[in-house]
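A.B. asks: Knowing the structure of chain A, use the given hints to seat chain B on it.
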Amino acid sequence: MGDLHVMRDDLRPPDPPARRHLISITDLTREDVERLLGTARSFERSLEREMKKLPTLRGRLVVNVFYESSTRTSSSFELAAKRLSADTMSIKASGSAVDKGESLKDTAITLGAYDPDVIVLRHPHIGAPQLVARVTEARIVNAGDGKHQHPTQALLDLYTIQESFGRIEGLHVAIVGDILHSRVARSNIQALALLGARVTLVGPPPLLPRGIEAMGCETTTDIEAIGAADVVYILRMQQERMQEGANYVPSLREYTARWGVTPERLRPGQKVMHPGPMNRGVEIDPRVADAGDALIETQVRAGLVVRMAVLYDLLTTGPAAVKAELPVKVA
Amino acid sequence: MPKLFVKDAPKESLVVRGARVVDPVEGIDTQLDVKIDSGTIAELGSSLPANGHRVVDGAGLVLAPAFVDPHVHLRTPGREDEETIASGTQAAAAGGYCAILAMPNTEPVVDSAAVLGALAEQARADAEVSVGFLAAISKGQAGAELTEMGELADEGAVGFTDDGRPVVATALMWRALQYSSITDRPLAVHCEDPTLSRGGHMHEGAVSAELGIGGWPSIAESVMVERDLALAEYEGRPLHLMHLSAHESVDALRRAQAEGISATAEVTPHHLVLTDEAVRSLDPNVKMNPPLGSDHDRQALIEALRVGTISCVATDHAPHARHEKDVPFEAAPFGVTGLETAFSALYTHLVEPGVLELPTLLERMSAGPARAYGLEAPRVAVGAQANLVLLDPGASWRVTEDAFRSRSMNSWLIGETLQGRVCATIAAGRLVHEG
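Those protein sequence lines, which keep their order, are chains A and B. Using this note's numbering, the letters of the first sequence correspond one by one to residues -11 to 319. Using this note's numbering, the letters of the second sequence correspond one by one to residues 10 to 444.
Extracted from the complex, chain B is given alone in its bound form:
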């Protein structure tokens, strides 16, 4: 079984009264009281007695299954100056997440049971919300030799990925699909043909042509998507496509799913909100891998998320030290933070304008990612562990550096005013955020 790790601490007992309870999977969208006994949902109903529990007034608020982020860089081990398990999971709690999946591109890479075991132990001590770890596909993510997937799976690895870089050699990707079948854990792929993306710092198009910034063609992603879908079909193995950015990739995924290939995919808030036009600001905090696409790409991603072709919102939370981003655009590393702003950014830019229904967004931020990795989805149901988020759609807030729980500030939203706030997060039965 894939394992999630979290700090062991006393569970909460409380009653949330009068909130609009939305759980798209359970088919709930109504005003309800929710009673939690020692971290477990004990009762749903109206006018529930407090029985000495703390009472939270949910009037005007939305109570939903807490979020699951399938793509987070915790930078631990190796770059604890940028993020730690403690700071990253505090940021996750503030963003409404009850569980996050950490990527293995650390220093050292999570490519052995020893490294994974040490991380698990640290997460049991420090993690405010549940953390699952993906292990590398190849040793050192060097793209040459497979990791010991059997032992890594036994240790609890949630899946395998060389994220941060692609699996370049087609034969290695093929072997990884074959061999990982003994583990029942999915392969997650960062789709990028490095011979096409080489020298690229932003989406290739009219904006890169004008700015003279090295172009990164959308086909750098989509040809790898097509390749990996073909391999997955041949082997009859599931595949998870990470942080899709190009409309060509979405088209390929849609065709594959129609043919019965078991493929899931994720998309980030920044690819759903921004386009390559944002790069005109030359702000290194709009530099990410894959790069921001055209508006055509953005619309295709939104539509795919709406209809479920893409079933997950993933932040690709990628903390970077300030001095590393305080350089000209082309010299800056790829990546932006996102845990603390994902819901509000998408509420502001997709739900408020009427592009996406709130229940759809909530599903794509919670049950969708859980399903992609075969994890139990957070839900509003009697007997379930309390993994809940309390949201205030009516509140607006300004994103400021000093409010981040993350150790890094490389957010593309600094200074922006967003609509929709995370008021409280209950993760694994504990109240981990109240704001």
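Bound-form chain A, shown alone:
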């Protein structure tokens, strides 16, 4: 059987130049990632200047559409666009026509009428970015689609690790916590594997998805395993995505006792990361969060320059070949 195409981009005349999106880490090659990290590094230097604004994207429109709450991601995308002199507009699901039952498709068509160059989308469902890509002419940056992907988070994490260790290849990263509900974990597993790092997932059995080893990682339920890692990446328990009575863990108290990251479970020199927001005293001991080895604040700063790099890359003629359509061979 031939390819099944969900997206009908192939039915329209090609945009000159080809429209590119960042929806998943799987859209990127290692060269794409290295180029993006290099661009981010040059933006970091530009931000050290007194005049922090660059004229690069003057006249461009970046629309942020957030169907889920966000502090870090939405603020850094907005600031990233402003630092590059783009016009920005932010729409949140609450207080918009979404409250009145408007579908994602219709909201996207409405926003598309303003001819945005980029739509940054956060949505509770996988596939939402592809749907918006299909009905608008904008380039789409996925700022989180359900439990699927959060590619700019993974890129800023790679940037942070690179800045701290000077390399990514050959490092061992332990990702600890609620893997099942984590788009950050999925993007990071792929991004770290792409750059040659080793990934071990650590968490309670029901929160380690069946079959996830096929993504190129190891799994264990034993928290002692974090001792072997160079980086301990801690995830939040995403209770808002857990159904009542699902019994993923008996209690947060037991979760903390078994899988909470404490100074006692770390060894000197290990770096600690967390995508935020943190639940201090649950998945991360406050002493770990505040220790000098924590890269958590670095991650937030990296978020700005990495998102500047992503916007810049999509709107200039860089070679990131990212397509919205996902051809799939059916059996």
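To be clear, the hints were calculated from the coordinates, so they are not data collected in a lab. Just to be clear, a hint being listed does not mean it is correct.
[To be verified] Below are the DSS-like pairs computed for lysine-lysine, each with C-alpha atoms no more than 27 angstroms apart in a straight line: (1) B:Lys334 to A:Lys93; (2) A:Lys80 to A:Lys41; (3) B:Lys148 to B:Lys12; (4) A:Lys70 to A:Lys80; (5) B:Lys334 to A:Lys88; (6) B:Lys334 to A:Lys80; (7) A:Lys80 to A:Lys93; (8) A:Lys70 to A:Lys41; (9) A:Lys40 to A:Lys70.
[As the list claims (entries may be wrong)] Going by beta-carbon spacing under 8 angstroms, a handful of chain A positions derived as facing chain B: (10) Lys93; (11) His113; (12) Ile114; (13) Gly115; (14) Lys135; (15) Pro197; (16) Arg253; (17) Arg255.
[Claimed, not checked] Which residues of chain A face chain B? A partial, calculated answer using Cβ under 10 angstroms: (18) Thr17; (19) Ser91; (20) Ile167; (21) His169.
Every residue gets a Cβ at the ideal spot worked out from N, C-alpha and C, and that includes glycine.
C.D. replies: Frame of chain A; chain B shown alone:
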């Protein structure tokens, strides 16, 4: 007796010449002429005279008993925007079907003789091919109180099912098996433990782990299959298992049949052709209940169909309005259409590659489903009502939205080129499709 309802219209008289006639039940697989007088098969032979009948050239074509679909959602009453008896039976005719069985999960639910009687009347006016109606097991399909099965059977209900949802309470399923024995109609079950499938949108496995889509474990089906087979054995009652998808379910069914439990089962074209890998497309038209399984599941289903453990192909034709499917995968409803593509999809993916013999497929699409519900099977025999399908294995065609007779377009095959076409369908003695 279970009743089928169809529009009353003039019957056909014609001669089909030179087709390969295949009727696995009658033991026919040879080139024959078939003469139909006023809707009844009058003569089989070679070089039959036309006697003024219209002559259809069957050279290079296959003539077989028309198909019976044991699992169709006609969405009537309640969602006539998605399908009607007229549009659904036109779609069935185009797919080579002479009879279809409609599910009771409508608005209102088919849980009373009054609702069933109204549907029967409408089918007598509108149905291009014969339609049988299943009635609900529980009132409103709410899973609490049994329907009046005696009266529903008298009105012609072909069987009982709460399809669309499982019978969750074990005690209710037990009572339904006991009480339905007064009717001689089978219970058909949608096997799903909702506490296991909750939050699931696709098969739990490596693909769901990677995509982060809520996993639906195969045991959500198989533990209910095991439960219902145990109840059926205890009561000595027959059971029909709908749209099986998991290899664990197939194993349970095989064991039960070996122990003499009277259980039949059906499988859909999409579970025979696709796996959970297809969900990577995020196309809401590959979202169905039960979800697409692993390749291991798919192979087990194909083998079970081949050897007859599973005796029916069922489309589970489930029309949905376009706007309901034009949303992200997890927000979309379950279900896909299938009446107009079932034969070609299976011919393309199972018969052409040599996985399944054509006569086996034809049997599983016609006599198998008829037998499961105690209906008279369509057959190529003198004196039988003409229920025939004329197939062109050599023709290929492209599936396009605008060609569907169904009111809905939520097919997983749009844009695909398929091998094997339905050229004509004769249902209840009428030529209902010619294409």
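A.B. asks: Are the hints correct? Go through all of them and say.
C.D. replies: Hints, one by one, checked against the model:
1. B:Lys334 to A:Lys93: Within the cut-off at roughly 11 angstroms; holds.
2. A:Lys80 to A:Lys41: holds (26 angstroms)
3. B:Lys148 to B:Lys12: With a Cα-Cα distance of about 21 angstroms, the restraint between Lys148 of chain B and Lys12 of chain B holds, given a limit of 27 angstroms.
4. A:Lys70 to A:Lys80: Answer holds: Lys70 of chain A to Lys80 of chain A is near 18 angstroms, not above 27 angstroms.
5. B:Lys334 to A:Lys88: Holds: Lys334 of chain B and Lys88 of chain A sit about 19 angstroms apart, inside 27 angstroms.
6. B:Lys334 to A:Lys80: Roughly 24 angstroms separates the two Cα atoms, so the pair holds.
7. A:Lys80 to A:Lys93: Given that 27 angstroms is the threshold and the Cα spacing comes to 15 angstroms, the pair holds.
8. A:Lys70 to A:Lys41: holds (7 angstroms)
9. A:Lys40 to A:Lys70: holds (10 angstroms)
10. Lys93: holds (6 angstroms)
11. His113: holds (4 angstroms)
12. Ile114: holds (6 angstroms)
13. Gly115: Cβ of Gly115 of chain A sits 4 angstroms from chain B, so the hint holds.
14. Lys135: Since the shortest Cβ distance to chain B is 3 angstroms, the answer is holds.
15. Pro197: holds (4 angstroms)
16. Arg253: violated (26 angstroms)
17. Arg255: At 30 angstroms from the nearest chain B Cβ, Arg255 of chain A fails the 8 angstroms test, so the hint is violated.
18. Thr17: Nearest chain B Cβ about 18 angstroms off; hint violated.
19. Ser91: holds (7 angstroms)
20. Ile167: Holds - the Cβ of Ile167 of chain A comes within 10 angstroms of chain B, reaching about 9 angstroms at its closest.
21. His169: holds (8 angstroms)
In this structure, the hints that do not hold are numbers 16, 17, 18, in rising order.
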